[in-house]
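> Input sequences plus hints: build the corresponding full structure.
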Amino acid sequence: MKTLILASTLLLAAVSATLTPAAAQSKPTAITIATEGAYEPWNFTTAGGKLDGLEIDLANDLCARMAVRCTIVAQDWDGLIPALNARKFDAIMASMIVTEKRLAVIGFSEPYAPTAAAIMVEKASPLAKLPGTGTTVDLGGDPAKVNAALAPIAAQLKGKSIGTQTATSNTAFLEKYLKDSVTVREYKTTEQHDLDCRAGRIDGVVAQKSSLTAFLSKPDYQAFTLAGPTFVGDVFGKGIAVGLRKDDTVLKEMFDKAILAAKADGTIDRLAQKWLKTSLTN
Amino acid sequence: MDLSFMQATLLTLLGGLPLTLQLTASSVLLGGAGALALALMRTSGVAVLSLPARAYVFVFRGTPLLIQLFMIYYGLGQFRPALQELGLWSFFRDPYSCAVLAMAMNTAAYASEIIRGGVASVPPGALEAASACGMRPLMRLRRIVLPLAIRQALPAYGNELVLMAKATSLASTITLMEVTGLAGKMIAQTYRAVEIFACAGLIYLALTFVLTRVVLLLEWWLSPRRPRLQPARPRIRTTGEPA
Chain A
2 MKTLILASTL LLAAVSATLT PAAAQSKPTA ITIATEGAYE PWNFTTAGGK
52 LDGLEIDLAN DLCARMAVRC TIVAQDWDGL IPALNARKFD AIMASMIVTE
102 KRLAVIGFSE PYAPTAAAIM VEKASPLAKL PGTGTTVDLG GDPAKVNAAL
152 APIAAQLKGK SIGTQTATSN TAFLEKYLKD SVTVREYKTT EQHDLDCRAG
202 RIDGVVAQKS SLTAFLSKPD YQAFTLAGPT FVGDVFGKGI AVGLRKDDTV
252 LKEMFDKAIL AAKADGTIDR LAQKWLKTSL TN
Chain B
306 MDLSFMQATL LTLLGGLPLT LQLTASSVLL GGAGALALAL MRTSGVAVLS
356 LPARAYVFVF RGTPLLIQLF MIYYGLGQFR PALQELGLWS FFRDPYSCAV
406 LAMAMNTAAY ASEIIRGGVA SVPPGALEAA SACGMRPLMR LRRIVLPLAI
456 RQALPAYGNE LVLMAKATSL ASTITLMEVT GLAGKMIAQT YRAVEIFACA
506 GLIYLALTFV LTRVVLLLEW WLSPRRPRLQ PARPRIRTTG EPA
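Line order of the protein sequences matches chains A and B. Take any residue in the first sequence, count from 1 to its spot, add 1: that is its number in this note's numbering. Take any residue in the second sequence, count from 1 to its spot, add 305: that is its number in this note's numbering.
Warning: the hint list may mix true and false statements.
If we take Cβ atoms under 7 Å as the criterion, some of the chain A residues that face chain B in the derived model are [said to hold, decoys possible]:
hint, residue
1, I82
2, A84
3, A168
4, L196
Simulated from the structure, these hints should not be mistaken for lab results. Beta carbons: idealized from backbone N, C-alpha and C, even for Gly.
Pasting the structure below:
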């Protein structure tokens, strides 16, 4: 009898094991989306402990389009990708940029927003006059041009401490292009490097321009300004997209379709106006 | 298991070991001095001294070290103008000194209770004997109470040392790239959490192994039953014997 039970259990396990991949590819009815909840205005936690922001609005909109029930959870930034692959949730919407390195471990949907990074400094600091303010440097473009744009900035930043959030493209940018002139200080969240910038422990911050622009409109940041060019391309990748497991092709298709539709009917632009006070179509 | 990757990881993480060791050593030394002072205040029997010590231990033992660290680093960071006026800003601007301060204050609270336990274990007879020999309180403290108390407290204090060595990993939250900070950074770059944390764990394991051995050695050295060098034989002068 015992052997029979064991045998049937094993058989059942074998059958379910062979069935799982096929089952995973059927259309899901409920998914869990993870965000960071600490990256205003993209995704943040309100004083009441609720998640809010552009990506929360967008996630709800996309879920309605895909006709799936969504649960949105918060997860520390540096644990997002490992937790996705450990199947703790099914998708990441945390202002995550598509980069080669990330593509090696997870998949991405169509991007829903372009990315650009900028430098924030104190207005009173000499760094406020960084050259190239108002221009855009495409790091993926002509290397000679990139060097010409970066050299004067590197010279001015010599010996300064610049804060970034750890494990972001902003850190990658500093380490690739300005490592020799600045001291990179890495923070767990952007809120922390902003606090330290205000406290004067660091001379500047490199973060996504959309996020910095939103900060600068707050009363606490009256003394700060963006300085130097806007950086796009190369380490800043191909835009912000939904992070997905590589084998979840059905979910990717669903997200792709929903994002393209949200772009086409102006939903994403409307959300950008609401949260970022700018248009995302540039 | 990718051995060459593990090896490269270990080498990178070992780069953070000096900072981990520095943080541990400075906070344990400072905290140890604070602990001794607190324990003496607490056992002094004078209310003006013992009450503040009690309050201090209550607060620092009752709140998480991470919160203390954040309060000192990010919290005090918001009072830059006031701190600058007091000339303290250069201290609080530096994440290293903030980390050492937080950890030293934390361990001082715990260790003071450990030392207090040691002091309480000194047999009253020994104290009476010391007084009977004419020792004044300070001399009694130095010669009788502290040696006995410290020996008694050492095993528990060894525990606290190990806890502090591991608590240095919190310093990564205020941008200090010690072993855990480097591990977090490497994981962010490679997404190989298991291998990298395993390597970091190995480094802490080796560190605490050495620490516990050192404490054991110290215990053995302070033990009254330790086999000592042959004590000098007392010379007894007997009369009537040729010199």
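> Indicate, hint by hint, whether the structure satisfies it.
Going through the hints against the structure:
1. I82: holds (5 Å)
2. A84: violated (9 Å)
3. A168: holds (3 Å)
4. L196: Holds - the Cβ of L196(A) comes within 7 Å of chain B, reaching about 5 Å at its closest.
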